[in-house]
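Heads up: the sequence lines are chains A, B and C, in that order.
Just so we're aligned, residue 0 is where the first sequence starts under numbering that gives the first Met the number 0, counting upward by one.
Just so we're aligned, residue 0 is where the second sequence starts under numbering that gives the first Met the number 0, counting upward by one.
Just so we're aligned, residue 0 is where the third sequence starts under numbering that gives the first Met the number 0, counting upward by one.
What the hints contain is simulated information worked out from the structure, not anything from laboratory work.
Please read these numbers as outputs of a predicted model, since none were measured by experiment.
Hints may be right or wrong, so weigh each one.
Rough simulated footprint, nothing fancy, chain C against chain B, three-plus residues with beta-carbon under 8 Å [to be verified]: (1) 12-18; (2) 69-75; (3) 88-97; (4) 144-154; (5) 253-265.
Beta carbons: idealized from backbone N, C-alpha and C, even for Gly.
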Amino acid sequence: MEEQELLPCVEIRNLVKKFPGVIAVNNINLKVKHREVFSLLGPSGCGKTTTLRILAGLETADDGEVLIEGELINDVPPYRRDCNLVFQNLALFPHMTVEENVAYGLERKRIPKAEIRKRVGEMLEFMQLDGMESRYPVQLSGGQQQRVALGRSLVLKPKILLLDEPLAALDRKLRKDMQLELKRIQQEVGITFFYVTHDQKVALAISDTIAVMRDGKLEQVASPEEIYDSPKTRFVADFMGATNIFLGRVIARSGEEIKLETETGLKIVALADKESSSKEIKGVCVHPERINVLPTGTDVKMDNQFKGRIVGMIYQGDFVELKIHLFSSKEDEIVTARLDARLSRKDSFAAGQEVIGQWDKEGSSTLQG
Amino acid sequence: MKRFLGIKTPAGILPTLGPISVWIALFVFAPVGVIIYFSFLPADTAGEIAAGVSLKNYWLLLTGDTDYGNAILRSVLYAFITNMVCLAIGYPTAYWIARYGGRFKALLLFLVIAPSWSCYLVRIYALKQLVGYPGILNDFFLHLGLISSPINMLYTPTAVVFGLIYIWLPFMVLPIYASLEGINPALLEASLDLGASPGWQFWTVTLPLSKGGIFGGTILTFIPALGDWLVPLLIGGNKVWMAGNLIQHYFIVRGNLAIGSSMAVILTAAVVLLIYMCIKLGGEEAVERIV
Amino acid sequence: MKSLRSDKVLIVLAIGGYLLLWGPIIVLGIYSFNNSAFGVKWESLTTKWYVELFHTSAIMDSVLRSLLIASVTTVVATGIGTIAGYGLFKYKFAGRRFLRMSILLPITVPYVIMAGALLVYFTQIIHFPLGYPTIIIAHISFSAPLAVFVTLGRMQRIDWSLEEASIDLGANRLTTWRKVTIPLLLPAIFASAVLIFPWSFNDFTITYFVAGVGTTTLPLYLYSMLQYSLKPVLINAISLIFIITPTIGILVLSYFQREKQFTR
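For reference, chain A alone in the conformation it holds in the complex (with noise of 0.2 Å):
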């Protein structure tokens, strides 16, 4: 088992998967560790689906390689592998009781009957559903035919799990729950999810990697906090919120720190990564949420401190969004800050009103793409 487990759970290779007038997968490569939950973040249109259903064997590859624990499965049929999916819209048998739905996979396998129903009724009762076996998928709730897919897949113990934006159609204080629920069933079972989502907000909360993918490619591979804090691509950064996004070229640099000059003649400091040149850097974004509103007048030298007026404001209870016209460029710098509504109210600030935005250095992301 150890040996196993030095190998990574799903290796993919140069994956390509052509319809007719679209690459729908471009040349992916990503590993999956054991036991992790691995996210496949993007758009609808990335080829993210594409990529689970290939995984899953129900499209083949054009070209490229698929590999479970080292062992190629290109060829292998999907009821030959060894992971299971959850889809989008459960896909639970309309003809079949709870009980029968989610004994359907182990029937296959020749286990005596009274070790399935053992078993059943065992996943059941993790599920938290039991006294519901003999329903029908038509009688239960959302949530609870949420479980009785998870649950149907779970019991044959997959390698891997791979699941289609199984919370999607969920409403959104369901979805919060759930959340909490899968990865605790994901921690206490000890399985690999393979999980597929557009919503970047599910993607951060249950993830160890996320791999976000765009047009077939991957963007970005990295843990929840690196894709958050440091996006490297316009792209990533735009999809995970930080719509601040200056481009321009780097002027002058010191070690870590890096001066920028934007295309509209802001000079921005900001720090990159020790390896990195300064030629692949092509700008720098910032989330909301560091974007400091001062009143004009303040006189504290600090990083990146710019004139603007208030063009918008957006009140969402539990946070102030306003939006900014930065002066001090040529063209129109529009820049979204959020101000916790704890820490200024409502009624601090005013459309029209003077303001200074400022961020320091270490709250901004440089951006190679």
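Knowing the structure of chain A, use the given hints to seat chains B and C on it.
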């Protein structure tokens, strides 16, 4: 809302459903009511109607010399065989179209249905031309020297059943196709993912979910086959009598409306029983699939 | 990996099905071009039987009769069937299920029963002379239900908020019906007509029961030809036309219908 006979009804009901309700009352229920009435007018096989109302006709049919009892049983048997064979050929055909049809699905389906749009008589005649004597196959075999004298393939019960299958096959394919197309493809993928081989997937997912289509198709083949009279007449000659033949014979040839009515009522009872059973077993979906 | 053996069986059965359905008809068609009047020996290719067909007035008359009956039937049956389908879908009322079952009745029960019943009804009860009217009435009784169910099937896919929008914008019921509802139902109406016309044209059993003297439709004429077995090849020719005409007609009309749907 308007008031109709004192009951609140939406304004549109009368003009939309009125015409057809009147039509059905006048030209469906009334005639059926009439033959039920006529079935109770005692008559003998010569057509003389006696006075009064009685069950004498039914008694006559079941015990007398009209051979109707046997005809009904025979019809049920033939219809059953027809139904089973149509299922054996029709289900794979529907499945093949649904699964492998691709862009040609509509065309393939059309090719199945088109014969049923042709004149019934023509289809029977085509069959007769082929297997009868004088007939094409016979001539062909004679010519090749495979047989020395013409074989009589028609005018046997087997030929009649074959004819029934030939005629009613398209009606089995369509409902089954419709129910197969209605299966959520994610369910099929899920079953594969959970470890089912394609064969297992068929038995545990595809077949149960196409149950409605199977029963719908049964209703559309069993019942017409049960009451068919042209196939037994033209292909069976005077040797094979089914229920429909006797009904037609008594109504048209003998003009004996009373006995004919009694026969019709008995046949109707059998049909109603069958529909009831199909709905019980196949669910409401069976009815949906008929159209 | 698919189970190859079961796939093969599947294909064999499916092909068998198609052969069974089309074999006799294709052979029939081929022989209608045969030069010999009787028998099955192939002599030479000819279309003279078709020519003779068109010159036989008895046949042409029966074609006209069939066309007339089919046309009237189609118009009336499609009309009352479509609006009934509309009403059945939209309105909920006591007895709805009963009405639905009643409409289903004529098409599920074997023809002999209904045809016989209508015969008794016409001759004994309402003393209506058998002829065009009785045939047409009988045909409508059997085809209106078809229109009902075709319409019902399509009602679900139509966006009915368009009707509500029309009323909201000030149109009364009648205008809405004319300008919104009917256009929306046009595909269904078309589909019903395409089903009913050939059905009525081709019908034998029902017509046989309720036709009087002098209303020989084409199927009836064909039947009498079969009884007397005159010139089988002539029969072949009629038969082929019988098959091809509705088939082509429906193919063409369906093609147009599909086109219409795309331009919508």
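Here is what the structure says about each hint:
1. 12-18: Result for this restraint: holds, n = 5.
2. 69-75: This one is violated; 0 residues, fewer than the three required, reach chain C with a Cβ under 8 Å.
3. 88-97: Since 7 is at least three, the answer is holds.
4. 144-154: Not satisfied, violated; 0 residues make the cut.
5. 253-265: Answer holds; 4 residues pass the 8 Å Cβ test.
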